[in-house]
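A.B. asks: So the chains spell out like this:
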Amino acid sequence: MTGAPLLEIRDLRVEYPARHGVARAVDGVNFEMRSGEIVALVGESGCGKTTLARTIVGLQRPAEGEVRFRGKPLGHDRRSLRDHRRAAQLIFQDPTGALNARQTIYEAVAEGVRIQQIPGDEEALVADALARAGLRPPERFFTRYPYEVSGGQRQRVVIAGAMVLNPSLLVADEPVSSLDASVRGEILALMLRLVRETEVGMLVVTHDLGLAWNVADRVAVMYLGRIVEEGGTEDLLTAPRHPYTRALLSVVPEAEEVERQILTGEAPDPTRIPSGCRFHPRCPLVESGEAARLGIEERCRSEDPLFVPACHAVAA
Amino acid sequence: MSVEPAPAEPTREVAPLLSVRDLHVTYPSAGAGIPAVRGVDLDLAVGETLGLAGESGCGKSSLAGALLRLLPRGTEVTGDVLLDGENVLTMKPGRLRAVRWTHAAIVFQGALHSLNPVQRVGNQIGEAIRLHSRGVSRAAVSKRVGELLELVGLPARRARDYPHQLSGGQRQRVLIGLALACEPRLLIADEPTTALDVMVQAQVLRLLDDLQQRFGLGIIFITHDLSTLAEVCQRLAVMYAGRIVEEGPSDEVFEAPAHPYTRALAGAFPVIGDPAFRMQPAGLPGDPPDPRYLPSGCPFHPRCGAAVQVCSSTHVELWPAGPDRSAACVHAPGSPVPV
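Chains B and G supply the protein sequences, listed in that same order. Be aware that the first sequence starts at 35, since it is given in our numbering, and climbs by one per residue. Be aware that the second sequence starts at 59, since it is given in our numbering, and climbs by one per residue.
If you are wondering where the hints come from, they were derived from the structure by calculation, not from laboratory data. A hint or two may mislead.
Among chain G residues calculated to face chain B with C-beta under 8 angstroms, some are [as the list claims (entries may be wrong)]:
hint, residue
1, 145
2, 148
3, 255
4, 282
5, 326
6, 327
7, 330
8, 341
9, 345
Source: prediction; values computed, not measured. We put the beta carbon where it would ideally sit given N, CA and C, even for glycine.
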């Protein structure tokens, strides 16, 4: 278990055709994860975090680079993909959309068991998965439809549907952002418990740094297709080094002590990645003249920082 | 916040901009009807920001809709909603149309879909202006549209864009500009930032704060995100099962909640850097009650960690819970119920 990483990503690039050229949604990502680890992948909309997640579970083919899973490169033929999609489960943001409204909760969980031909008694497997996801007694939920249960319970059904396949990796894309605050904590506690019990690795894609503080062992911050900072949650969130991470932290509502650094504009366009450091057009260090004082402004504008934290000021 | 030197009791004494008394909203259904709002009192002074928090289904959006009579036909709304002293609930349709937009405007939840996709955003704002001030010249309307867009931080030339050409944050800005088109004194913002990214959310919140200070707008801010409310609002009201269960200055309510429900909500927002939240996500077990079958006594008692014997049989009301604060809990300092 502790030997080879569960997941290794090398120089990964994922591109989409766009109206004007190519969108480089993932643009040179290197990343590793181990079993039993919870990693939060954070960034704004459009930073490529969802594309990266989709590539990891095999829904998206990389243009370049490699995804290695349990030591082996991820193939894109039918068979490898089917196996991979059992071992790496994706959980979506909106449980209502993820469930078929005309399927009972039993069917929703049993479907994966049938497709993946999981050995064992189907009913026992479904009951066990529902119970582990906190839906007890499970039999009470078998014949219900998604609309008959609450949003939190729907997300538990989705989690049960993933866990019944006994995956090695769970990729959860904003798993609680469509849920009420009161329910969020309950679902996060469930995910934390499942990771501790089963040693599954969990990658949580989110824009919510509070969630990362709540459950993640490690945090990777993504900006415009690249991981710009990475580290243990406590270090990274209490002593961020990249100016982008610092800006993200400064706008978290509870962060009272720090001065807000509200970046102007939205995450920029992956079809036009700026030259030099991709963050430089929005970087507070460049704007305030701090980069000039450090004598690195020219490099910020012309040299792509190919290291992590990806900031010339940190390296200087 | 206000420009004049503040008297001892700054806003409470003057006639409020909005005053809600014993508001009830009941949706029609087979049988007795579904009580979504069950007796709410609220006051909002000119230039004051009030946050309204609670889980889905607590009645906060029904309350917002009732303030401008925007609820589906057949919904029963009783009580008083006094806007600048005039009762919205008894207004004639013509007067109501005038009051919406010019006195009070609403920015909706899921607002990203409330723009017409086949009309330029400038025309949509212009339409609101034309309908509410007849005989304005085209040039004057388009000048005003440009001013409004600049007010919300967009270049005036974006008036020619269609909604799909704008990002989520930009569309939300257009909607705020649209709401301000007829210079209302009250803005109701129902989950205005929920669908937005953190950074864009911060931009929109800063914009609302700026507008509030410049024009002395009264704002009612509705969201389940208690941490955002604590930051942008002066006062905070927490709703549960159709009633306000706690009210007071927002910092105090968020940091030292008097009601166990508020405590659970506040605890659901982790404070980064605080070890108490590390690897210990906190939530509130159970679901909000079905408004048709409310628990007896305090409707929160089945989910409450602090519930005692009397809670299942005591009728709770907003009792004093410190200076300028109240809470509907038998444990509140001013509760008359012995526990």
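A.B. asks: Confirm or reject each hint.
C.D. replies: For each hint, the structure was consulted:
Residue-level restraint check for residue 145 of chain G is violated (minimum Cβ-Cβ distance to chain B is 33 angstroms; threshold 8 angstroms). With a least beta-carbon distance of about 35 angstroms to chain B, the hint placing residue 148 of chain G at the interface is violated under the 8 angstroms criterion. Given hint, residue 255 of chain G at the interface with chain B, holds; its Cβ is 5 angstroms from that chain's nearest Cβ, closer than 8 angstroms. Using the Cβ-Cβ criterion of 8 angstroms, the hint placing residue 282 of chain G at the interface with chain B is satisfied: the shortest such distance is roughly 5 angstroms.
Satisfaction of the interface hint for residue 326 of chain G is found here, the shortest Cβ-Cβ separation to chain B being roughly 4 angstroms, below the 8 angstroms cut-off. A hinted interface residue such as residue 327 of chain G counts as satisfied when its beta carbon comes closer than 8 angstroms to some beta carbon of chain B; here the least separation is about 6 angstroms, so the hint holds. Annotation: interface hint on residue 330 of chain G holds; nearest CB of chain B at approximately 5 angstroms, less than 8 angstroms. Among the interface hints, the one on residue 341 of chain G holds; its C-beta lies about 3 angstroms from the nearest C-beta in chain B, closer than the 8 angstroms criterion.
Taking 8 angstroms as the C-beta cut-off, the interface hint given for residue 345 of chain G holds, the closest approach to chain B being about 5 angstroms.
When the structure is compared with the earlier hints, violations turn up for hints 1, 2 and for no others.
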